[in-house]
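Use the sequences and the hints to build the structure in full.
Residues per chain are reported as follows:
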Amino acid sequence: MSGLTPAPVVAQGSPPSTWDWEFAGDILPDLLEGLWVTVKLTVLGISLALALGLVLALLRRSRLRVVRWPVGLFIDFIRGTPLLVQLFFLYFVLPDWGIVLSGFEAGVIGLGIHYACYTSETYRAGIESVPRGQWEAATAIHLSGRHTWTSVVLPQAIPTVLPPLGNYVVASFKDAPLAATVTVLGVLGTAQRIQGQTFRGLEPFTLAGLLFLVVSVPASLGVRYLERRYGFKRD
Amino acid sequence: MASSETDVPVATADTSGAPVADPIVRMEAVTKRFGDHVVLDCLDLAVRRSEKVVIIGPSGSGKTTILRVLMTLERPEQGAVWIDGRPLYHEVRDGRLVAAREKHVRDVRRAVSMVFQHFNLFPHKTVRQNVTLGPRKALGLGRDEADQRARELLERVGLADKIDQYPVSLSGGQKQRVAIARALAMQPKVMLFDEVTSALDPELVGEVLAVLRDLAQHTEMTMLLVTHEMRFAEEIADRVVMFDAGRVVEEHPPAEMFSAPREERTRAFLRAVLPR
Numbered sequence: 001m002s003g004l005t006p007a008p009v010v011a012q013g014s015p016p017s018t019w020d021w022e023f024a025g026d027i028l029p030d031l032l033e034g035l036w037v038t039v040k041l042t043v044l045g046i047s048l049a050l051a052l053g054l055v056l057a058l059l060r061r062s063r064l065r066v067v068r069w070p071v072g073l074f075i076d077f078i079r080g081t082p083l084l085v086q087l088f089f090l091y092f093v094l095p096d097w098g099i100v101l102s103g104f105e106a107g108v109i110g111l112g113i114h115y116a117c118y119t120s121e122t123y124r125a126g127i128e129s130v131p132r133g134q135w136e137a138a139t140a141i142h143l144s145g146r147h148t149w150t151s152v153v154l155p156q157a158i159p160t161v162l163p164p165l166g167n168y169v170v171a172s173f174k175d176a177p178l179a180a181t182v183t184v185l186g187v188l189g190t191a192q193r194i195q196g197q198t199f200r201g202l203e204p205f206t207l208a209g210l211l212f213l214v215v216s217v218p219a220s221l222g223v224r225y226l227e228r229r230y231g232f233k234r235d
Numbered sequence: 236m237a238s239s240e241t242d243v244p245v246a247t248a249d250t251s252g253a254p255v256a257d258p259i260v261r262m263e264a265v266t267k268r269f270g271d272h273v274v275l276d277c278l279d280l281a282v283r284r285s286e287k288v289v290i291i292g293p294s295g296s297g298k299t300t301i302l303r304v305l306m307t308l309e310r311p312e313q314g315a316v317w318i319d320g321r322p323l324y325h326e327v328r329d330g331r332l333v334a335a336r337e338k339h340v341r342d343v344r345r346a347v348s349m350v351f352q353h354f355n356l357f358p359h360k361t362v363r364q365n366v367t368l369g370p371r372k373a374l375g376l377g378r379d380e381a382d383q384r385a386r387e388l389l390e391r392v393g394l395a396d397k398i399d400q401y402p403v404s405l406s407g408g409q410k411q412r413v414a415i416a417r418a419l420a421m422q423p424k425v426m427l428f429d430e431v432t433s434a435l436d437p438e439l440v441g442e443v444l445a446v447l448r449d450l451a452q453h454t455e456m457t458m459l460l461v462t463h464e465m466r467f468a469e470e471i472a473d474r475v476v477m478f479d480a481g482r483v484v485e486e487h488p489p490a491e492m493f494s495a496p497r498e499e500r501t502r503a504f505l506r507a508v509l510p511r
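For the record, the sequence lines run as chains E and U.
Our numbering numbers the first residue of the first sequence as 1 and each following residue consecutively.
Our numbering numbers the first residue of the second sequence as 236 and each following residue consecutively.
All the pointers check out, no bait thrown in.
Keeping only pairs whose Cα atoms sit at most 20 Å apart, straight-line, the calculated EDC-like set for lysine to aspartate or glutamate is:
(1) U/Lys424 x U/Glu387
(2) E/Lys174 x E/Glu105
(3) U/Lys424 x E/Glu136
(4) U/Lys360 x E/Glu227
(5) U/Lys360 x U/Asp382
(6) E/Lys40 x E/Glu105
(7) U/Lys360 x E/Glu136
(8) U/Lys397 x U/Glu380
(9) U/Lys338 x E/Glu136
(10) U/Lys360 x U/Asp396
(11) E/Lys174 x E/Glu33
Far from chain E, by Cβ distances over 10 Å, these chain U residues were calculated:
(12) Ala264
(13) His272
(14) Gln313
(15) Val327
(16) Gly330
(17) Met465
(18) Asp479
(19) Val484
(20) Leu505
If you want the ones that stay clear, here's a sample from chain E, every Cβ over 12 Å from chain U, calculated:
(21) Ser17
(22) Val170
(23) Gln197
The set of hints was computed from the structure by calculation and includes no laboratory data.
Note that the coordinates shown come from a computational prediction; the quantities given were computed from them, not determined experimentally.
Glycine included, every Cβ here is placed at the ideal spot set by N, Cα and C.
Put into structure tokens, the structure is as follows:
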């Protein structure tokens with residue numbers, strides 16, 4: 001290999017992009033503000049998803065077919081269509097029916113419903129992993145349906161599915177930038193705006209990526225901690 | 236419950252072999268099927284107050300299903316069950332017996348509790364929480380009262396020192412004794428024991444049988460036990476019921492059952508399970 005001249009790294013005509021610390025420092029406050037919007041959107045959206053997902057999972061186990069059926073259909077429908085379509089629907093179509101949502105509201109609800117349909121399946125798997133004998137023991141000590149769920153079934157079902165639920169938390173955070181399409185400028189949308197105004201993409205997009213990591217890595221560690229904290233050993 | 240009014244024998248006359256006055260448990264013409272398989276075949280069975288009845292018979296004969304029907308874990312297709320004078324699966328409405336609403340079933344069921352072959356302890360709860368959960372949530376006891384009851388019962392089954400342990404750290408015999416304490420905490424009139432020593436290592440069977448012996452000899456509780464421990468049955472039972480193919484083959488006091496069974500099917504079964 002020695003003796004050969006190295007190939008030019010950058011295409012001719014455009015100046016090589018080098019990291020500009022000063023520029024990076026200038027745009028950081030804007031990006032942090034964008035990050036805050038993204039985090040708020042995610043936290044609210046995934047909270048809605050975790051709560052609504054549990055409700056959907058329980059409805060899907062209803063004794064009534066008229067409840068079970070439409071809920072199952074709804075879940076399959078949402079899982080089968082892109083989040084982007086759902087956001088457009090909430091933001092651009094609902095106003096035709098008199099329901100006007102802000103971009104942020106549409107983002108929270110869209111993210112919430114979308115991920116609720118995934119978490120509901122996860123909850124369902126957790127509920128089904130609770131052995132039948134646990135339900136029977138609850139009957140033998142005369143627990144009501146409500147107490148059977150809250151004291152026996154869910155406290156066993158949820159810890160076993162914390163890892164996949166945690167993955168959805170992180171995934172929804174990474175999907176949150178889609179809300180930019182309904183006017184919510186999070187960290188990535190802000191980076192794109194800066195690039196549009198300054199024609200420099202290296203710093204804003206690199207910083208945006210790093211800021212995602214700064215949040216999602218601790219979040220993943222937090223999820224792992226919860227697993228250890230609330231895990232228990234089955235007999 | 237697929238039964239309609241016509242399936243319910245309303246007559247209170249006891250049609251089973253041994254008439255029992257004022258039974259605490261009575262099953263009349265109870266039929267339970269799993270698909271084509273008839274598990275309980277028009278079964279009649281009555282149990283006196285505070286009687287200790289041991290049900291024996293080959294595996295798959297439906298013994299366990301009798302207990303599960305009494306605990307409402309399986310619902311019979313036909314027939315009627317009476318617990319402490321009240322119909323379990325039926326209620327009187329407009330002077331007629333009709334299929335009971337869930338609320339009625341839950342209410343009548345309160346007289347019954349059950350201990351399972353595989354313990355079914357709540358693994359996410361401590362021994363104390365396992366025993367106090369029912370009294371607190373279903374009986375409405377306060378924390379102190381429920382705790383007090385749990386301590387007494389764990390004392391009785393010899394596990395007072397394990398009160399703050401989780402089930403995973405207990406041996407099989409200890410788990411089953413906690414499960415017995417958990418059921419006793421509900422103060423049932425009728426206690427069902429479903430092969431409670433079958434899942435235990437041989438050296439752990441004795442400690443569980445000792446607890447059952449104590450309960451049989453020192454309480455007024457009605458006990459129905461399905462077991463393969465014939466010596467134990469002989470020792471504690473007031474009556475032994477030989478059960479096969481969904482029906483009672485014969486029933487006698489233990490001495491008679493084990494020394495002079497009348498039916499060939501019983502003799503064959505006992506030959507197979509009793510050590511010579």
